[in-house]
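Top line first, the protein sequences correspond to chains A and B. Reminder that position 51 of the first sequence reads as 50 in numbering that gives the first Met the number 0, one-by-one numbering, no gaps. Reminder that position 341 of the second sequence reads as 340 in numbering that gives the first Met the number 0, one-by-one numbering, no gaps.
The hints are simulated quantities; they were obtained by calculation from the structure and are not laboratory data. Fair warning: there could be bad hints in the mix.
Since the list gives no way to pick out one identical chain from another, each pair is judged satisfied if it fits inside one copy or across any two copies.
As the list claims (entries may be wrong) - In silico DMTMM-like pairs for lysine to aspartate or glutamate, Cα to Cα no more than 20 Å straight-line:
hint, residue 1, residue 2
1, K208, E392
2, K395, E255
3, K378, D173
4, K60, E256
5, K223, E293
6, K223, D303
7, K374, E53
Protein chains: 2
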Amino acid sequence: MILQEFEGTLYPINPHAEKILNRQVYPNIRTVPEPVDLAIIALAAPIVPKIVQECGENGVKGIIIVTGGFGETGSETGTELEYEIRRIASQYGMRIIGPNCIGIFDPYTGVNSFLVPRERTIGYPKRGNVAILSQSGAILVTLIEWCAYRGIGISKTCSYGNAAINVNESHLLDYIKQDNRTKVIGMYVEGVRDGRQFFETLKNVTQVKPVVISKAGKTNAGAKATRSHTGSLAGSNESFNAMFRQTGVITAIDLEELLDICNCFVTQPLPRGNTVGIITNSGGHGVLAADALEQNNLRLAEFDSKTIDQLHTLPQHCTPSNPVDLAADADTERYEWVTKLILNDPQVDAALVIIIPSGPNIEFQTIKKLIGVIKNTDKPVISCLGSTFKQFERYKRILEGDGIPVHTLPERAVRTLGALVEYNQWIQYGDEKKEKRVL
Amino acid sequence: MILQEFEGTLYPINPHAEKILNRQVYPNIRTVPEPVDLAIIALAAPIVPKIVQECGENGVKGIIIVTGGFGETGSETGTELEYEIRRIASQYGMRIIGPNCIGIFDPYTGVNSFLVPRERTIGYPKRGNVAILSQSGAILVTLIEWCAYRGIGISKTCSYGNAAINVNESHLLDYIKQDNRTKVIGMYVEGVRDGRQFFETLKNVTQVKPVVISKAGKTNAGAKATRSHTGSLAGSNESFNAMFRQTGVITAIDLEELLDICNCFVTQPLPRGNTVGIITNSGGHGVLAADALEQNNLRLAEFDSKTIDQLHTLPQHCTPSNPVDLAADADTERYEWVTKLILNDPQVDAALVIIIPSGPNIEFQTIKKLIGVIKNTDKPVISCLGSTFKQFERYKRILEGDGIPVHTLPERAVRTLGALVEYNQWIQYGDEKKEKRVL
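One chain only, chain A, in its complex shape:
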């Protein structure tokens, strides 16, 4: 909540209270002693235009309208209220986010208009390089709680709800495009206000940084649900898919993948090409990963002959080809040696290291040594800890702490590599190279 982190001055405004959380309360914005940069309005819809008018008269520059009960209700009144607010905003040159949203959380400035007290969360995420834009407030809350839990750092976040006044998803994208702290933008989108503007904006932004989108309202049932949620028209799924393909947007199948991919972009370099080396102590996981590679336009690297010669010195029950199966008795030395070998192979663009932690010779040291090897490469490396051995959480924390993404399902791990390759192809070839990962 804004009170807990923000270092600027706050003016609580309410005509019926004298103190809120021990701060002096002002009856209206006119009585506030200095110009205000940002007003957050959480009042019943019918009186919001009057309050916006007062803000305008008092030089407020920006407003977040949290309240719902506008266009998304489907009523004429709701839409008329939005129209009236838009008119006032234009008269005073104010920019307004919302209505029907929870607004902004920015860990760098401490601005936080979410109505979620810290004690009800697992904590807010740390400062970092992922920006998140979400039409839905609850989904943004979910995403940032996961970021806090997974240690993913945030640059800026904004929930923009109905986007019905004069700030929509394209304006926000344009703004974040120029934010130096943001390396990747993740979005949850139900519908857009201006499709052509969104198209042009995306095409521009993706030249500078990757945009990852989870699109909802893809089906008739989903589209119907979006109308009563954010009052938006979901549009046809085919049009959105075409738009995303032509603008280099990375699509995420669900919210988990949205964060997986954003995290991969901020922690990993882009691979030069699409060949992947897989190292595993479970043949089955190797097979699942190989399947996922092909489904994501990646290829099993064909190792250099020198690498193959070296791999043939492994014990006979190991598999010396890609995926390299180090077998159930794999130990620290075998993992370290083979991972180094694969990462040094010029035929390998990226690597996936799969470890079943309950393997009898896997130790804490195995993870430490692997991190050492991985830190010395300029290729992307993703890990998959395939089981829930009791050291799992400890191994996971230390890998992620060193910027190596950890997954439990090999398919999910591979999809993030696919996203890196897809973005790299977009940057290099534009939409001539239309290979998309399978959805």
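Since the structure of chain A is provided, determine the placement of chain B on it from the hints.
Okay, now just chain B, sitting in the frame of chain A:
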């Protein structure tokens, strides 16, 4: 490990040791003082035929060959060894699982041939009603560790590796079909030895209990990897899909879904039809769930007019249609009342209850009251706890403890309901009703 749980008599056999873990060791099977039911062989491949011969001579009924280095190596020697063992097994009427597998874990009898000591796992799963068959040993270990972690009870499990002697996936299915403790069978399959036999077996077994399969080796890259893993031919993905459709098999997209669906079958009744009521305090999650419904051949229930009248008494910022959005301020009373209402609606076959636990009025009591309502219905109910609020794990445990599956992604929750409906249609209409969930 077998020593820790099994209550029958164990005879360690090794020509070079006198004691193993403080037990008397026998130099060979001939010196064991009584007939043996099951022999577990973990010796180098070349001497396995000789040991199998000795077992035959001493009246052993069944054998698990753990060792690898047979047909999966692609060498002629490996295949010849398998042929020789098959000949001996046939001569003595022995049934042999493997080679290249970890065999059986059965929590009811305590038989456990896995080479995973308890101290390296988070514990083995409790007794229950899910049987798991897996071609891969490490994947079976992963699955049962997840079962232990998630509280999913197991009836029997078997990893069968190369299935190259005289026990294959079809024999195991036939056996488990008759096991009264097993209510659902989950399988991880890379390839099968006898496609026609597998087809006939599946068609039979699915009449009695659901079979859920995660198929690997679906792509060229994956198929290549299966050859060096379990020496099996993955077959064409199209043939397998056709087989699964014609035999009523439920396919799982990954290992997580394999368990999700099995868990759903053992905890939930089959729904009468395919209509679902969604209750949520996050509109966005409602949209995602609605999308997933349509992608899984389910329908948003069209509520009875009495239900709709009642829903219109909710506060105006709630959404009184399906998905029912109880809004950010949803509390215990609202959740309890609406869930009861929806479950009592004759137009509703199943329900999905979505809760963002960090909502300001969600309390422990909300979960308790919901469980009370859900326990009084004969319809399947799945829950989705959409965020990582610090009470998440506690809420999850109590819901799952009362047999209500918990998911974090609405899509995953919906897919399990889709599996129930798909199986119900198979039982009622056979393969005339060919609607499959989207993969």
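If you check each hint against the structure, which ones fail? As far as the earlier hints go, 1, 3, 4 and 7 are violated by this structure, in ascending order.
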